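Put the complex together from the two separate chains, hints included.
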Amino acid sequence: MNYEAVIGLEIHCELKTKTKIFCGCATGFGAEQNTHVCPVCLGLPGVLPTINKRVVEFAIKAGLATNCKINQYSKFDRKNYYYPDLPKNWQTSQYDLPICVNGWVDIDVDGEKKRIRLTRIHMEEDAGKLVHSGTTIKDSLSSDVDYNRTGVPLLEIVSEPDMRSAAEARAYMEKIKAIMEYIDVSNCRMEEGNLRADINVSLRPEGSETLGTRTEMKNINSFKNLEDAINYEIERQTEVLEDGGHVVQETRTFDPARGITLSMRSKENAHDYRYMPEPDLPPIITSDETIEKYRQELPELPDARRARLEKEYGLSDYDAGIITSSRAMAEYFDAVVGTGADPKLAANWIMGDLAKNLNEENLDIAQSPVSAERLGKMIGLIMKDTISGKIAKKVFKEMWTSPDDPEKIVKEKGLVQITDTSAIEPAVDAAIASNPKAVAEYKGGKKKALGALVGQVMKATRGKANPQMVNQLLAQKLAE
Amino acid sequence: MRYFDQPAHVLHDMLKQKEISAVELTQDVLKRIDEVEGSVGAYLTLTKEAALEQAGKVDEKLAKGEEIPFLAGIPGAIKDNICTKGIKTTCASKILEHFIPPYDATVMTKLKAESPVLLGKTNLDEFAMGGSTENSAYHVTRNPWNTDDVPGGSSGGSAAAVAAGTAIWALGSDTGGSIRQPASFCGVVGLKPTYGRVSRYGLVAYASSLDQIGPLTRDVADAAHLLNVISGHDDMDATSSATVVPDFTASLREDVKGLKIGLPKEYFTKGMDPEVERAVRAAIETYRSLGAEVIEISLPHTEYAISTYYLIAPAEAATNLQRYDGVSYGERVEGSDLVEMMTNTRTEKFGEEVKRRIMIGNYALSAGYYDAYYLKALKVRTLIQQDYTEAFSRVDVIMCPTAPTTAYPIGSMISDPLQMYLQDICTVPLNLAGLPGISIPCGRSSQGMPIGLQIIGKALDEETILRAAYTYEQSQDYHKEMAPLGGKH
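As you go down the protein sequences, you meet chains D and V in turn.
With my numbering, you'll find the first sequence wraps up at 480, consecutive numbering, no jumps.
With my numbering, you'll find the second sequence wraps up at 489, consecutive numbering, no jumps.
Hints listed in this document are in silico derivations from the structure and should not be mistaken for laboratory results.
A portion of the hints provided could be inaccurate.
[As the list claims (entries may be wrong)] Derived DSS-like pairs (lysine-lysine); straight-line CA-CA distance at most 25 Å: (1) K356(D) to K344(D); (2) K411(D) to K393(D); (3) K75(D) to K376(V); (4) K480(V) to K31(V); (5) K138(D) to K175(D); (6) K75(D) to K379(V).
These figures come from a predicted structure and were not determined experimentally.
With the rest of the complex left out, here is chain V (with noise of 0.2 Å):
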């Protein structure tokens, strides 16, 4: 029997039946990474020995009868953006290539508390900017259900080690899709939670006010038990919220019954895959036909998102990545003087797109720009709230497609970075809004390549869309299917 492609939960109760051994899950999912990692590439660092020293305590803890508690002895990967102890995290960044943090993210103290198996830190594009992890300073990644594709991003790691059956669960963040792209890309459930619901301190930030960190999995069980781990609001993190933590597993029942679903047209027009919206609207009729309700909705603000979020994201990331200057920890350039040595620094170990976004944040923040550009932007961030406060005096969730396309294939984006950004365009508005909002696999396409749905929920409502989700779950099979990780089909 193989244990790689089981979910957490499945696993959790294996070990207490002690039906395998937390080392033997171990030896097993890293005997897939032996097999597979060469053709995804999910990984930027492995930590083998020390997990397998983590399953053995487990299995130590299993001999004393003790109980244990969820995470216990199962295989996950942190996203590399996500400050680690003692274990290199470089944002797949050269300038961060030595970079090994001496203290823990917030998410991964909680982690460990509950002493899970650490694999590693999967891929991302660098500082988590880009939407296809081909912005990576190190090496791409490829879709496990097509090795020619990306796997979206910039989770992109995250999203193919869970596909790959490389790692049973994983961390991301997400700041304007980057754990929900990569999510429907790959075919696995993502979840982004409401800001301020996980801490985000240890999180390399990005856009401070958009970035949040989130679960991959294999199905939605286990992206509520995960989030029951990680939430909660911590005195490190000013913006975390101090809303009490509900058992999110409690909401893992079939119940869509009077479930009040919006559909925004915005959400469903030019440039969307034909074979994407069908089955959106597959899904749509499936919880119509569980006894939810449908109602059509608007958004109406919703062209002015990706201008918005491409204005507000790269002025907090200039400001935020100011710090990578070569003068005390990171890499260094050297120059014949100050100036010259944080130029050269910058100059070298930045890649593109973040310097194209350092350059576009400025812009936006110099003398004389600031008002027409990021205090317009401020603005409209406030009407697109303002859009979804609305819809949400009338429905319970809001569902769209997570990505207007399927997969792509590597390098077929990359030189138009607009139409990349355009990619951004369900998921992007949440993040404006601070809302929660999960992907789940709704069909796959012609070409055999995952789906994803996006349930939308209101602040803080993440019960909602992990109850619609895991009820939509329950009557289909795509979460149990396994990528082919083959070639083009």
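Here chain D stands alone, though its shape is the one from the complex (with noise of 0.2 Å):
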């Protein structure tokens, strides 16, 4: 029997406030041991938590972003259960009246366009950090809490079942990625926990409306892991299925290093977590008014960004959806052309050389030791003729380790394209002087023989004749 998947997603991200969401204390990442913390978010007896207004912004943006209906009287609730990272024993969170519901993102895989639609977005403070006296806990003899996490704001965005494949799931995540991105809540940076997702999978009988059931794996951080946690559960729940066996609900977590989920605990263990309205904070009402002066202040967001590539520059569909696929790559676009510089050449060389060489050595767009302004001069150079596309891949790489101008570096390495015919017609003489097979192939009505001549002119101009010209001289010499 062929099964099909069905995938939903519980995406955690991370808000970047400057502030925690129920307190004053602050929020950065790699602070020493429990110096973020005040008697508020260590819960001491007595404490109230009072609401980070920042928080509802950044969660109705999220939503509106997301095509999200908002919950103009919503509450948060008291979700209960003992954990050491959690000082109150209860995490404050919303239960029944989210901020955000009924909302959808599209996504597109191989070309094709999918709508995902969201169940909702809700408000939530995250747990402290259990740090093991060794490497894990089962061979740890004691363990400290770090509280600096605690209380930082984050939004759980939930997914309707609505995907099929792991594909499907990574472009769903990075779209979610892209959207929080934009609008700018968070810093979603997926090494730094910013962005976590709790996966849902079960199967079905291809054709079947009924839902399998299902298994969840917690807390995936790396888009990597997201697909192989998924493809690993797919086959595993197929072997099951096929083996005349049943798949059991249960939580399982996944292993990076081997690459499969393992069970961790079942149904039969799971938490009732005994949900109440939070009587400490009142309910958070928000206005037409409020809600459309957030819609007004949404940047443009992925999918217009993408149409209006398409529209004003001609990119093509997938590259313009490459392009606005992270706001840092799409600004770093804008900038780029804002020099002046042909956008399909821009766009080329970002998610050509550029992205080639982040990749290698790790680094974000933002991070890139080459300027939007520097490629974009270095782009004017080649509309110029002054250099060819082939030198530019040259001086590109000058520039990586250079801080210098591309037209300084073009000049002191002598890369400037020779586009003085006099200056090329020695070279060509020369070639068809010392090729009298290709010369003759070539007379013989084989054009593709004058290839092999002008790479031996090139070659003899180190690469800088204008290859346009080359092939003009060429011919006309040829043709004599």
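If you want it as structure tokens, here you go:
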């Protein structure tokens, strides 16, 4: 039997507010243990939470950017469970009246568009972190608790089970990441845990409408792990079903080193969270005016920007999709084009040499040693025929390690394209003279033979001759 | 002359007139503590040295001819569930036996701005759960009017201290009657402000949607003065009211002409001590004779108030008390692993009544029971609130007994929690509705035990209940009598 995978994601997105959700403590990452704490986030006797209004603003903006309905009457609830990183032993979260509901985003997989529905977005506080004395909890004699992260604001973005493959799940998470970056509510640094996903996967016979039993994998924090975990789980569940077994509803953990998922706890041991309305926080009432104001403040979002790049600059749908997949890249692109650079050339350079170099050195585009301005200038040199595309690759390589302007590099390294006919002619003559075989072939009607001659000329001029002019001159001389 | 039996407003004038010094006054109260605290047991912690130091500072100001605020130099006490920076705050629980808060409750910050003399922290039922102060993990507090009897609770220590003259004023907290009922049992004035009038920041939570801090004082004037000090919006408490705080002492005038008093028939029913009913009805007759109009009203959902309260309060308490797990503060009882450590800590360090309420609360919130218990209780709470809204469209205040009986002997009810819960019938509905209420002395039983009259007001209308209370107080002398501190009559 053929099975269809049904996948839903709960994405936790850490908001980039300066202070925590219910107190005035700083949110920064990497501080000394237990330095970003106060009586409120430590849950001391007698303390009360007060809502950070920025968190509500960010949540509403996230909802608007994902086509959600904003609940104008929303409230917080206590989600009760005992864990030492949770000082009150409840997480202040939202249960039945989340701030945003019923949204959607569009994704693209292999050129096919698909709409993924969002069930809800709610606000909640993050927990602290256990610091074990050993390498794992099992070989530790004791554990310390670092409460710096306690109370850092989170959005939980819950999708409907609308995805059917690991690739779709990845595209969806990438889209959510892009949107959160565009609206500037999160740093979205997955390696720092700013963005992490719980994945639900179930299988059903192709064509069936009923949902199968699902398993959940928690805290997936890279796109690779997301795909690997889903693919493994699809395979595992397929085997279970094909062997006539039943999938057990359970939480599984993904082991990235081995690329497999392992059982963590079954439904029988699931928590009863005993949700209760948070009596210390009044309901959040949001007016039409506030929602409208936040809507006005939203920047151009990925989909709109992509459409604009296609329309204004004639970029292909694919290229525009890649360029707009992150706000930083889209802004870099705009800055390059802003220098007068040709948009298609700009897109090619960004997706080509720039992306390759960034990848190799594991850098964000914001950290690129080649600024948008310098890349723009370099493309300008190509457009003015000062350098050829091929030479530009050398120039770009130089720029990667040198702070100099491309013009200076081109001059100092003697890379200026030769556009003077009299300077190219001797090399053309030499090439014709020393390649009688190619000349004969060409004259015999094999037009492709010209390529070999062009290559010779380029080699002789160390790549600096203008290729079009070389072609032209060769054709001219051979026709004589 | 002795000073410990005087109200704060009299002592304030004496300090200003330099008839006494703050140190003399403090020494007088400390001497009283030395004499009677052994038989009353109102305090869990005494801060005598700090008290004398604070008094000395006020005297320095007076010597320089500086103006002093109302509470300056006047010795008072704080219920031990209000966080005091640097001073142990135990909630009368073993689980916080050595807990010293690193911060002050907002009411403490407000009080300290007045330079009062702080004598110490008073006893209570553990985490304010109870109505007799017998649930304290440390010791019982005795009623100064009869030391065989309970002082009421949970603010029993604060009420007993004021009644015994071991504090001139005190702060308590009221979740279901915990200020008013001990005030009634101990013959003092106890005011529960409107929910949100006083910041709860730093009040160790029992039931967050019901808790409110308020004063226990010798007379109504002191209650008005203290309310002035502690009221007001607080950025640290999202549930505190932004409403402007009036000067409550402006309500201290004799004027009940045309005041419409509602008498809820549901509050005068079975189980009420006839002596209590007689005294309360007599007080109402006094109001009538002073020009008030008395109207019988109905609060039809009153009979559900106790069950509603004993679902909502334990549910909130169950979550509020989850933080006492032995992890980062408070007491810890070790175990072989984390779960065992938490379990041992809570099993050994919480008292029986606290554990009972945690279990009730968790049951009411658990999957499958939430709708039948907790959600239904929230709905009934709304109905009870509507009862009051309806009644207050016809009357200005509502009057009834504070408690159905006078103080009872220590140990006589502790084994019957249900009977104990029923004692809260007259006080609990106000907390559910968030309304202000005051208890003032209105008589003595044949055994000589104090009886309290409760006056309930509209939300944020403490002014009217203070005016009504003050007017009645001027007509009699109950508030001027000191407790005899004897055993059984």
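- prompt: When you check the alpha-carbon spacing of K356(D) and K344(D), does it fall within 25 Å?
  reply: Holds - the C-alpha atoms of K344(D) and K356(D) are around 18 Å apart, at most 25 Å.
query: Between K480(V) and K31(V), does the CA-CA distance stay at or below 25 Å?
result: holds (20 Å)
- request: Verify the proposed pairing of K411(D) with K393(D), using a straight-line Cα cut of 25 Å.
  value: Holds - the C-alpha atoms of K393(D) and K411(D) are around 15 Å apart, at most 25 Å.
- prompt: K75(D) and K379(V): Cα distance at most 25 Å?
  reply: holds (17 Å)
Agreement of K75(D) and K376(V) with the hint, judged by alpha carbon distance not exceeding 25 Å: Measuring from Cα to Cα gives roughly 19 Å; hence the hint holds.
- prompt: Given the proposed pairing of K138(D) with K175(D), does the C-alpha separation stay at or below 25 Å?
  reply: violated (37 Å)
Hint violations for this structure: number 5 only, all remaining hints satisfied.
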